[in-house]
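Asks: What follows is each chain in one-letter form.
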Amino acid sequence: MEMDKMGVVTTFLHNIVVYNIPLLYGTTGEIIVEKSGSLNLGVEGIMAVGAIFGYIVGCYANSLGVGILTSFVAGALCGLLFAMLTVSLQANQNITGLTLTTFGLGVYFFVGNGVKAVNWPAMADYANIKNGFADIALPGLSQIPLLGRGLFSHNILVYLGVVIALGMWWYLNRTQTGLRLRAVGENPAAADSVGINVKRYQYLHICLGCGIMGIGGYYMALNMSGSFNSSCWINGYGWIAVALVIFANWNPALAIVGTFVFGFFNTLRVSGSSLALAFPEGLGWLSSVPTQLYQALPFLITAVVLVISSIRKKKDGGQPASLGLNYFREER
Amino acid sequence: MSIHVVKRDSLSFGKKVLIYLGAVATALILGGLLLLAMGVDPVAYYSRMFTMGMIGNKIAYKAAENYLKIFVPLVVTSVALSLAFKMRFWNIGGEGQFILGAVAAATVAFQLGPILPQPVTLLLMCLAGMLCAGLYGVMVAALKVKFGTSETLLTLMLNYVALYFITFLGETQAAWNFYLDEESVRPIFANFSKIVSFPSIPIGKFGLNVCVIFAVLIGILIYVYLKYTKQGYEIAVVGDSPGTAHYAGMKVNRIILRTVFLSACLIGLAAAFKVGTVGILSTTVTDDVGWTGIIVAWLAQLNTIAIFVISALIGVLQYGSTAAAATFAQVDSSFADMLQGAILFLVLAADFFIRFRVVFAKKGGVTNGNG
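Chains as they are written, first to last, in numbering that gives the first Met the number 0: chain Y, 0 to 331; chain R, 0 to 370.
Hints are supplied without guarantee of correctness; some may be wrong.
Stated by the list, open to error - Counterexamples of contact, computed for chain R against chain Y with all Cβ distances above 12 Å:
#1 Asp180
#2 Ile212
#3 Val223
#4 Ala305
#5 Asp331
#6 Phe344
Claimed, not checked - Cβ pair distances, simulated, as ranges:
#7 Ser192(R) / Lys198(Y): 31 to 41 Å
#8 Ala59(R) / Ala133(Y): 55 to 65 Å
#9 Ala348(R) / Leu140(Y): 49 to 59 Å
#10 Lys198(Y) / Val308(R): 31 to 41 Å
#11 Ala320(Y) / Val357(R): 21 to 31 Å
None of these hints come from the bench; they were simulated from the model.
Each residue gets a CB set at the ideal place from its N, CA and C atoms; glycine is no exception.
Kindly produce the complete structure, drawing on both the sequences and the hints.
Replies: So this is what it looks like as C-alpha cells:
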C-alpha cells in the first residue's frame with residue numbers, strides 16, 4: 000500500500016498549530032495578568048464567555064473582525080469584574096477566579112442552551128466569517144517542503160496569536176511600561192513608592208490579558224465552524240493554559256514553544272494512529288499508548304516543572320514574587 | 000478630598016448577617032430581572048426552584064432522597080477543605096482527591112465486596128478512599144513544606160491527572176479492567192450496587208441514607224476538633240501567623256502535614272459515601288464538589304455550622320434549578336451556576352464593606368484612619 004507519508008507528517012504539523020493556538024491566546028493573556036501580580040484561575044470561564052459572544056455577535060454582523068472585537072471586549076469585561084473584586088475590594092484571588100470559571104461556564108450554557116426559541120446560526124453559512132477564517136499561505140515560507148504547508152499556511156487568527164505573543168514579549172522586556180508592570184507584580188509597595196500607579200497598572204493589564212483570553216475562546220468556536228451545540232467548546236483548554244504559563248516560565252515568547260509542545264501531545268491523541276499507520280516500524284507503538292496519557296501529559300509535565308523549579312529555588316525564575324497576593328496600600 | 004480605606008473593628012454578628020443577606024437578595028433580584036427579560040415569571044420560577052418541585056408532588060420523598068445525595072458529598076468535602084483553608088493551605092485539589100478516593104472505594108467494593116460481609120466492606124471502602132485521597136493530598140503538603148512548591152498550582156494540576164486516570168479506567172477494555180461492565184460492548188462502568196451499598200433507614204416512604212447521619216456526625220466532630228482541641232487551636236495559630244506559631248514552639252510543618260492529610264482523607268471519605276450510595280463509578284463522579292466546596296467553604300467563612308447551611312442552600316440551587324427546568328423549559332439549568340457565581344461575587348464585594356471602612360478626608364487634613 001502506497002501512502003503519502005510526507006502528507007501525513009505535514010497534516011500532523013498543521014493540526015498541531017490549528018487546534019492548539021487557543022492555548023497560546025489563553026497563556027499569553029494569563030501571563031499578562033500574572034505579571035501584574037494576580038493569579039486568575041478564571042481562564043476557562045473567560046474563554047467560554049469570549050467564545051459564545053464572539054460567535055453570536057460575529058455571525059449576526061457577518062464579520063470576523065466584529066466577532067474578534069466582541070470576544071475581546073467580553074473577556075475584558077470579565078477581567079474588569081475580577082479587577083474590581085480583587086484589586087479594589089481586596090477579595091481573595093483564588094476564590095474570585097474559580098467563581099469566574101463557574102460563572103463564565105454558566106453564562107456560556109445559559110446563553111447557548113437557554114434561548115431555545117432562537118435557532119443559532121451556523122458559522123459556515125456566513126461567507127465573511129468562513130472566508131475570513133480561511134488559510135492564508137505565507138509567500139515563500141509556505142513553499143518549504145514538508146514544513147511549509149504545515150507551519151506557514153494558516154488562518155489569520157494563528158498569525159495574530161503569534162504576533163500578540165511576540166508583541167507582549169517585547170512589551171514586557173523592552174518598554175518602560177512593561178518593565179513597570181513587572182515591578183508591580185514583583186513588589187507593588189516598592190513600585191508604589193516610586194510613583195507608579197499600581198491600581199491603574201493592575202486594572203489595565205488584567206483587562207488586557209482577559210481580553211486576549213476571550214479571543215482564544217472565539218478561536219475555539221471558529222474551529223468548530225458549526226453552530227452551538229450543548230458540549231463545551233472550551234473543554235479544559237483554559238486550565239491547560241494556566242499550566243502552560245508555568246511551563247513557559249511566564250515568558251510569552253516561550254509560550255509559543257510551549258503551545259507547540261503541549262499541542263504535540265494533544266495532536267498525538269487525535270492523530271497518533273495515522274502516524275502509526277504511516278510509519279509502522281518506527282512509530283507503530285504509538286497506537287498502543289492510551290489516549291488519556293496524552294491528555295494528562297500537559298498537567299503531569301507542569302507538575303514536574305513546578306516541583307523541580309521549587310527544589311532548585313531558581314532566582315531567575317519568571318514567577319512574579321507577589322503572585323496571588325493582594326496589595327493593600329494602608330498595610331505597608 | 001481623598002478617599003482612604005481603613006480596616007474596621009469587627010461588626011456585630013447581626014449586622015454581618017444582614018449585609019450578606021442583602022448581597023444574596025441582590026443576586027436573586029438580578030437573576031429575577033434576567034428571568035423577567037426572558038418572559039418568565041421570576042416569583043413562579045424561584046418558588047419552583049426553592050421548593051425543588053416538591054410541593055404537590057406525589058413522589059416528593061424521592062426528590063428529598065435525591066437532594067440528599069447531592070448534599071452529603073458537598074458538605075463533607077466543604078468541611079474537609081475548610082480545614083486546609085484555615086491554615087491558608089490552598090487545597091484546590093478536591094476534585095483529584097475525590098476521584099482517587101472514589102476509585103479506591105470502588106476497588107474494595109469489586110474485589111472484597113463479594114467475599115466479605117457488607118458492613119466490613121463498607122468500612123474498608125471508607126478507609127481505602129480516605130487513605131488514597133489522603134496520600135494524594137499530603138504529597139503536595141510535603142513538597143510545600145520541604146521546597147515551598149506552590150500548592151495552589153500543584154493541586155490544580157493533580158486534579159487533571161486524576162481525571163484522566165479515571166477516564167482511562169472508564170474507556171479501556173481489557174482483561175484486567177474489572178471496573179467495566181463485562182456484558183457491554185461499549186466500555187461503561189459496572190454497577191456494584193447489588194454487591195454492596197450504604198443502607199437507608201425507612202421513615203415512612205422516605206429512606207434516610209446512613210451517610211446523611213455520618214455527614215452530620217463528621218460536622219459535629221470537626222466543629223469540636225477546631226474549637227476545643229489543642230490541634231484545632233494549633234491550626235488557627237498557624238493560619239493567623241506561621242511566625243507566631245513557630246515562636247510559640249509549635250512544629251509548624253508537622254501541623255501542616257497532619258491537617259492537609261486529614262483534609263484530603265475526609266474528601267476521600269466523601270467520595271466513598273458517594274460511590275457507596277450510587278453504586279457506580281463515573282468520570283463525573285465528583286459532581287464538581289471539589290470546586291463548589293471551595294466556594295461553599297469561603298462563603299461560610301470556614302465556619303463549620305455555616306458550611307452546613309450554605310451547602311444545603313447551594314444544593315437547593317443546583318437540584319432546584321434542574322427541577323424547575325422541567326416546568327420552565329426555556330430556562331436552562333445552568334441558571335444555577337450563574338446565580339451561584341453572582342451570589343459569590345456580591346458576597347465578596349459585601350465582604351469588603353465588612354472588613355473595611357471608606358473614609359473621606361480633606362487633603363492635608365489630619366486623620367489617623369481610625370476616626
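Asks: All hints are to be evaluated individually against the structure, with a verdict given for each.
Replies: Each hint tested on the structure:
no. : hint                              : in the structure
1   : Asp180                            : holds, 19 Å
2   : Ile212                            : holds, 30 Å
3   : Val223                            : holds, 27 Å
4   : Ala305                            : holds, 15 Å
5   : Asp331                            : violated, 4 Å
6   : Phe344                            : violated, 6 Å
7   : Ser192(R) / Lys198(Y): 31 to 41 Å : violated, 56 Å
8   : Ala59(R) / Ala133(Y): 55 to 65 Å  : holds, 57 Å
9   : Ala348(R) / Leu140(Y): 49 to 59 Å : holds, 51 Å
10  : Lys198(Y) / Val308(R): 31 to 41 Å : holds, 35 Å
11  : Ala320(Y) / Val357(R): 21 to 31 Å : holds, 29 Å
Violated hints, listed in ascending order, are 5, 6 and 7; each of the other numbered hints is respected by the structure.
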